[in-house]
Every structure is written in structure tokens, then in C-alpha cells.
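**Student:** Chain A is fixed; fit chain B onto it per the hints.
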Amino acid sequence: MYQSLLFLHWKQIRHVLALLVVASFALPLLAVHGLGSAVPGMDVPSLEAYRFVSGFQAWLIFYPLLAAGIGITLALSAWNWDHQLKHVYALSLPMTRWEYTLQKMLAGATLAVVPVLGMWLGSHVAVASISLPEGLNAYPNELAVRFLFAILLAYAAFFAAAAGTVKTTLWVVGSILGLLVFGAIANDVLGYYVVYFSRVHVVESVIQWMAYAPGPFEVFTGSWSLIDV
Amino acid sequence: MKSVILAAFVAASAGATAQVSAQAAPDSAEVLRARIDSLTPLLEKARRAVDERRAFEDDARRLAAAANTRVDTLRIADLTVLTPADQADETSELFREVWEESFAHLGGSAALARSVFAYQQVWGEPLPIHLEGGGHVLYKDSWIPRARVKRDVRRLIAGAASHDLRANRSYVGQWVRGNALDPVPWEDIYRQVATTSSMVTRACLAGESEACGVAMALTVYNEATRERNLELLAEWYTPEERRARVTGRFFYRRDAAALRSRCTETDDISACDQFLLQFSYDLAPLSFEVRESLVALALTEGGEGSWQRLAEHPGMTPTEALEYASGSSIDELLTRWQAELVANRPDAFEPLVPSSGRAFLWTLLFAALAMRSTRWRLG
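Line by line, the protein sequences are chains A and B.
Just so we're aligned: the first sequence equals residues 1 to 229 in my numbering.
Just so we're aligned: the second sequence equals residues 1 to 379 in my numbering.
In short, the hints are calculated from the structure, not lab data.
A few of these clues could be false.
Claimed, not checked - Facing chain A, according to a computed beta carbon distance under 8 Å, are these residues of chain B, among others:
#	residue
1	L74
2	R151
3	A194
4	T195
5	A370
As the list claims (entries may be wrong) - Sample of chain B residues lacking proximity to chain A, with all beta carbon distances greater than 12 Å (derived):
#	residue
6	K45
7	N179
8	S198
9	R254
10	Q278
11	P346
As the list claims (entries may be wrong) - Distance ranges between label pairs, derived from CB positions:
#	chain 1	residue 1	chain 2	residue 2	range
12	B	T73	A	A58	42 to 48 Å
13	A	Q208	B	A258	56 to 62 Å
14	A	N141	B	D188	22 to 28 Å
15	A	A213	B	H105	30 to 36 Å
16	A	N80	B	R155	47 to 53 Å
17	B	T40	A	N80	49 to 55 Å
18	A	Q3	B	V353	30 to 36 Å
Every residue gets a Cβ at the ideal spot worked out from N, C-alpha and C, and that includes glycine.
Here chain A stands alone, though its shape is the one from the complex (with noise of 0.2 Å):
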């Protein structure tokens, strides 16, 4: 049942999944693209390190955008031909739900490592590309592993939301939504008139404690440095 559900996914997002993982591919070498151009036979100038550092930053945003649109993307995909056939084939399996969505949900991971195998070897040709100057280390292996966990929790969050009902995904979504519109509304106004609440404020205190350990997307704000001290 794997393996047929692993074909059907496969079918269904191989042309998006090429893609994403070209972009997987190409997002180390676009960072790295025009660092390391020393004079040839000459060692490679202190400043170097520092234009090393400060240009790759500029490309540290694109690493977990692209790790988070690839989970979406397989998340949501996975669930689109059960949604379009109404579940009349996942019911007529002699097997229970949960193992259902288990195997999909296997299937789907198994894609994953796709463009993560893209992003390795990307980064792998991005460092021998050029010459590092002294003090900076490549970390391509750390960086496809934190890729990975990436991709995996932004897909299990979307399989887990497209898994469940309209009525429930409408429940999730606004939620957040009222959350950070409403929320911060009410916060200003609240504290307007009562100290506590200008010093507490709930939406950022519920995007900090997402965002940072232990919350679930912290491995979204850890370092996404290719190279590094």
C-alpha cells in the first residue's frame, strides 16, 4: 500500500517536485555566487571574510521560506485526489484510517528527501566552489539535516490540517487569523488603559514562544548558515 500511495504522490507532484528541487539545488550556489573571486595566486584578504559573512546573509530568509514551501506543497498535494474523489478509495480499503494516513503520510516524507538530496548536493558543490577564507567553515551537512526537519514539521503540520475537515482547517486558520488581528487590536487598546497590558503583549508572546524552543517551528529561526565561523 506504501509504495502504491509513494507512486500516486509521486505522480501527481513530480513536475512541481523537479522543481523545488532545482531551486534546492541552485539556492547554495545563488549564495555563494561572486564570494571567493580572490586575485588567483594570491591568499584571499582578510576583508574577504568579512563580504563572505555579510553576503551570505542576505540569503539566510530563503532556506526555510523554501523548506516551508516545499512541506506545503507535499502536504497539500498529498491530500488533493482524496479530497477530488470524495474518499470513496481510502474507504474501500480493508484498512483502518489511521493506517491510511500513516502510509500517506510516509509516502509523502519519503519525497521529501528529494529536494533535500538536492540541497546536499548543492551545497556541497556551492563550498568547493570557492575558496574560503581563513577562520570560516562550510557546514553543507548540518545545513541539508536542518533542511530536512524543516520540510518534515512544515509537512506534517499542513498534512494534519488538510487531513481534517473544512469545518475544522476554517476553525485552525481563523483562529490564528482573529489571533493576530484581533488580538493586537485588543492589546493596544487594553493597554491603553491598563498598564499590564502594555507591557505584556499575547500575539507576540504566542509568535515568540512558535518561533523559539520549545516550540514547534523553532528549527525554522535556528542558524541557516552554509558557512560559518
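**Tutor:** Chain B alone, transformed into the frame defined by chain A:
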């Protein structure tokens, strides 16, 4: 005003339409279109007038609100703070907290005593304050986390206090130049030390604390004659490193270009030295930010009154001033600074293992939620 303009516009439109109706004929469609087109500039004019009127009303409302804002003057330790009367308690508490946490132990500051700060949490109209002389104004628009507000207030006070070192033209002030009371994070200092190609920074990272002082130009400051600089260059950089520093620099001056060519294209290391001495702004391997971190450490070590001591004797060399402020010898201070530096090495992926573990647990949790969907529940 707005209604008058709109009424004029409507009247003009009606008039034009009436005229067109009076002359109406099946073949006059073009005439009608031309008339309507001719009204377009009038519409634009009316819109502009309405916008101008609205802007004027906004300005008037803002001025009226500003005139009604009552301002309190607070005295918090050495600080004088202006703030709207209705925010006095909160502002006082904020500045007192920052003062107690970061500045109280440093001793008095003449620059702070001379300074005036203005602070307002802005919801409506800005605080109508004009500060003559050395004023420091901080507006906070909408909600900002308290930690960030405190950081900004700390920076404001630190920046004002740093005038103590600049005002008396002390050697330590010239050596550090920047804002020693608000140093950059240790991780950034480490990055700078680790990425500087210099034999002394390598030695510094390897544990030779004396080399850290040399890399900061601490021990030789103000003795730097030209000859001394040449000696220093050899002390700071290997010939290859000196040549590499020249490689990264370009000047359009003909003499600079000639020196640069001699340096990079021949084995003439003296050309590299001459180029660096003539055309480099600062030759020391480590920047002012690194020096600030040493001063900040000295102040922390010195505790009570350390800032006052640092600024007290402008004639002291940086080494003497740091020893006087911290109460430690420069060797002890540099040893502690080096230990602090190494302890704060930013390990890029060190937290990856626990972070990945947590991500995996969250993934399992989401998977469990997915398996509990209500989509297939019957009835």
C-alpha cells in the same frame, strides 16, 4: 469647502448636460463626448482641493492636540527625562529600571547630567518637544516589547554618556571611539576575531591573551610614529597577509596604483608596507567594536564608579585607564576577555541536535493529529 466644490462640480456637470440636451441630435454623440471630456480637468481640480482641505484639517487637529499635551520633567538619578504627564509613572519606572540594571554601578557621568531625554509612547500625536542643545529623543510608536524599549533606552543613555570620554579628549576615548557602554554581542566579536587574517588574532584565539591586546593596538597607542607603525605592521601581519590586505584595496591615485602594482606584482614587500601606511585608514587587525567589548568588560569588572574612573584622567594611556577603571592588571583583564571570547564562540549548528529532536517530536504530534481526523466519522 468640500461640499462647495462638489456642488460646483455637480452644477457644472448639470449645466453642461442641459446644454448638450438642448442641442441634442442623434449625430451629436461626439460633441457630447467632447463636453464630458472637457469636464475631466474640473474633476481633478475638485479632487485636489478636497485633498488639500483634508490635509489642512489633519494638520490643524494635530497642532491642537499637541498644544494640549502637558509635559512633565522627571529626575531619575543623573537623568532628566521629559515625558507627557499621563505617562510619567510608566516612563519613570522604565528609565529607573534601565538605570538600575545597566548604569547605576558605573558612577556619575557629567555628560548624562548635562543631557535631556524625551520619551513618549505614541498612540495619538507626537510629543511637541524641541530640545535645545544635547537632547536625546525617543518616540515609540504603537506597541513594542518592553525588552526592546529597554534596549533602545539603554542605547540612548549609553550614547549620551559616551560624551564623557570624547569631551575630555582622553586617550582611552580616542582609542575606543565608539560607545563602550553598549558593546556589540560577543558572538559578533568572535566572528570578527576569527575572520581577521592576522597572526596576532590567531594567537589570541589560541589562548595568548597578550596577543589580543596587540591586535587591538592597546599597548602601543599614541606611540605610533611612522617607524613604529612599520614595526607594528610586522608584528600584526605576515608579509603574505600584508600583501593580501593591499590586494583588496583600490585607489585611483596614480602613486597608489603604482605602489599597489609593485606590491602585488613583485616581491617588494616594502611597497605593500608603504601602501598600507599611506592609504589605510586603520591598520590594527581588530576594530573599534572589539575595543569597546574590552572597555565594557573592564567596567563590569570595576563595578562601582568604574565609568567615572575611566574618564577621570584623560592623560592616562588606554592600558592605564583600563587598569584604573577595572582594578585589575591589563594581563588579568585580557585573560578574562579572551576566555569570554572563546566561551562565546557562535557554534553555527551546535543546537541542531536538540532542535532537530524537538522538531521530530512536533512532527509526530502533527502526525497523530492527522490520524485522528473527523472526516470519515459517520453519523
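**Student:** Please flag the earlier hints that this structure goes against, numbers listed from lowest up.
**Tutor:** The structure breaks hints 1, 2, 8, 11; every other hint is satisfied.
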